[in-house]
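J.: Residues per chain are reported as follows:
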Amino acid sequence: MKRAITPILFLFPAVSLVMIFIVYPIFYSFYLSLHSWDMISPNRIFVGFKNYAKLIRDRMFINALKNTLIFTIYTVPTQIILALGLAILLNQKLKGISIYRAIFFSPVVTSIVAISAVWMWIYHPSLGLINYFFRILGINPVNWLGDPKTALLSVSIMSIWRGLGRTVVIFLAGLQEIPKEMQESAQIEGASNWQIFKYITWKLLSPTTFFILVVSTINAMQVFTQIHVMTQGGPAGATEVIVYNLYYRGFQLFQMGYASAIAYVLFAFIISLTLMQKYMLNRWVFY
Amino acid sequence: MFKISLISLLIGIFLVSSSLSSIGQAQSKIKIVFWTTLPTGGYLSRWIKEFESQYPNIQVEQQFISNSYDEMAEKVLASIAGKATPNVAQVGQRHGIPQYVDSGALLPAGSMLDKNDISDILPGLWSRYTYKGRFWAVPFASSTPGLWYNKNLFRRAGLNPNRAPKNWEELVSFAKRLTSDTNGDGKIDQWGIGFSEDVPWYYRPMVIQNGGVIFDKNTGKPMINSKESIETLQFFQDLVFKYRVMPPLQHNSSARDFVNGLYGMLYRSTSVRVSLKKEVGDRFELGLGFLPGKKRVAVGVGGNALVLFKSTPEKEDASLKLIKFLTDTRRTVEMGLETGYVAVRKSAQKQSEIINLRKNDPIADTIYKQIDYIKDSGINPGDALFWRGILRGIEEVETSPDISPKMILDNLQQEILEFLNNYGRR
Amino acid sequence: MGYKSRLVKKILIHSTLFTLSILIAIPFIWMISTSFKNIEEVLSLPPTWIPKRWVFRNYLDAVRFVPLGRFFLNSVVVSSITVISQLTVCSMSAYAFSILKFKGRDILFFILLSTMAIPGEITLIPTFLLIRNIGWMNTYQGIVAPSLVSVFGIFLLRQFFMGIPKELEEAGRIDGITDFGLLIKIILPLSKPALATLSLFAFLDSWNSYMWPLIVTNRIEMRLVQVGLRYFINDELGNNWGGLMAISTLIIIPTLIVFLLSQRYFIEGIKTSGIRG
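Those sequence lines, one after another, are chains Y, E and G.
Quick note, the first sequence lines up with residues 1 to 287 if you use my numbering.
Quick note, the second sequence lines up with residues 1001 to 1426 if you use my numbering.
Quick note, the third sequence lines up with residues 2001 to 2277 if you use my numbering.
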């Protein structure tokens, strides 16, 4: 009797807050997605799933979807591999390790508006830092953010730079959970570093890795601010991503219903990606 | 028991006194809320104080929202949706106003001014703020585009540093002479002409210069794929591939390059009059010319304007008084002196301060000479589509000489037509 | 041999970390260096790493024009409430989702998780309408309400709680400990690194929040630190780059302090894991 009520007690604060402040607005936007409405004009028209049907023919949206997936493929695996490597390095007991940790974390604390401006200088085709070094090395300068071929890659690099510290911190926290004794006893038994990593660290870290994979995929699929500041979706639509598209539809063209439909298609993509990740990784996630 | 009664007594006293004080205030002062894109503490706050001392029964609360027009637009949209609008707001003209109008939240502030005021403000500005035959905003901080140039590079190229190109043909011939490979490595490192990141803002008047329009003045119908517009987009492609005087796809970086002497000429807003001089410093001598014309001379207008929200008659009245005050001759003159924005009243230009400014600063003089040529075709619900479509189109034609400007503009025209059809049916 | 190889390993690690940290720090260093330059030098070619002439005006401007004190106070209040609330609420529900067993647990968790898949940009106005209807505009509760709970935080803690050895839980049960006791006396002390991570992120996200506070407040006295940047951005009249970089540098100091404080718990985590044996 007492047992049945315990989960309710433990879940009540979170669930009630989520229902009011998160689920309610989400349902509201679903309601919006079935209408042709800008949220301010007196007449709203119920259109059913027409907004969704229109999306299939919307070239701007298809392009945004493609770019979002490419951005996710560029950033998520790179970030996870880099962060895991860094976290293992930063988990050592070394002099000055906390300074290194602070440096790797520093990009995370910067305000995105200011740091995007800094990156725009770094990427500047004639005066920027990267091309400055390229010229010294005799490499042809690249129009990083200006060229449709490199713009999305450039935004991805900046995003990896900014998000890396977060992932490192989560991995670090995950590494703390692994009992030192297990690694030590394996070492005594003559296991190589790679074996220790493969059979102990990687396995015991799998709940953390799963978490990071899911969360960073969601974040990548929802990338917006740095695009808004640095490229506004350009050049020639090369960095147009879904949330930017949604923002443009909703807030500049006042197509709130349509924008909400975009959000729900994104939702479907993210959920199926998450389920796929869960299915594929179920084998090595040890709880 | 005693505690509870004491608390309720205290609450009672508090409620009564607060309601009394609010009644007292309501009788003596009309409070209006003013959302601004200018932070508090500057010239705008000073003017509000002056306004309050002139109208002691009106109290203005300036609320700095954001100097990003996009963010202000989000805020206004949310406020209309939540029925929590301010009384007056400073908004950008790029997109949004037509939708606010159609939501029924606005009053046509421009049309509500006195006849004298309306005719004193340059007609070109009204041409921008017109929607469905009325003036929905009063121009506040207005800016115009201009052709900035580097006089040192002009001299080096054997051009007269005091004469900017008058038309597109001259623009091309000047640009050809300014384009060069200064260090002899086989690559061009000094370009004739560049456009700043807000390219559609220059595209708009260029179409008008070429004899076209963006939206039909009377019907609001888009004319994006007109012959005049296609020629304009073609011109961008030609600057890159035919004349080879503009580097492709560098609109986001051109402003900084210009400061460092890598461009001979640059299309950029004249509102940077003060800051650009500081940025350039003693690197070179700065010149400003009109936007080069074609069939006619035309220039666009940017910046922000004041809109008036519906509320109670007495607040609406007070708000209109505030708008009138902030855009009167005196304030317009001060705006022209303290910032890079331009004083857009005929009466303001007759004031000695503006006359002196023009005498002492040839750049300011050019700006004031050019404002008589402001021409536009009114705000339109499809403005955001135009902006984005043209930006994208220009970027596309700069990527390859094989992309057809006509095809791009035909598609854009179709897209805007569809959008406006749906918009009208709503 | 052992000593030598350890030394080589140490040198290798140090040099790798050093090179990487230089690469990572470049934009950061650039930001700080720009905050001490005048406008002419900011845009100069070639770029200068160390200002030719040190200018402190940018910082003076930041302090003079921006009501920074008020912004800091608001941000500290909002961030503290967010951190405390998320720690409490998330750890309780993460406990339910990991240690407790009940019907529909995993489905409920997945539904909760799926709310993360809707981007905040689209719920911005619906959330605003909600807060306005409650009557919380221009208040601290209006600013913090949507971030009192974080699905990210629940997920994070759940993953960590799941990694805690079952034996510890069972040992507690035999002693007749209640679920609350188990959470507070056993689970939470073992999860300090995860709790530190959550606190850090909760703090950071509310410190960096911009659009939501802007939508839900009108009065400048209720705004948070990120608004400060807006005083130096003006596309039309030209940005004040030096001022922008100065204020950005100023407002990241508290987050760096919070980071350094939370570091302690990472090291403590190593010690506590010793009990597990």
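Everything labelled a hint here was simulated from the structure, so no lab data went into it.
Positions of the beta carbon are idealized from the N, C-alpha and C atoms, including for glycine.
Any given hint might turn out to be false.
[To be verified] Derived coverage of chain Y by chain G (criterion: at least 3 residues anywhere in the stretch with Cβ under 8 Å from a Cβ of chain G; other residues may be distant):
hint: 1; segment: 4-16
hint: 2; segment: 35-44
hint: 3; segment: 61-75
hint: 4; segment: 101-109
hint: 5; segment: 143-154
hint: 6; segment: 199-209
hint: 7; segment: 246-258
J.: Tell me the numbers of any earlier hints that the structure contravenes, in ascending order.
T.: When the structure is compared with the hints, numbers 2, 3 and 5 turn out to be violated.
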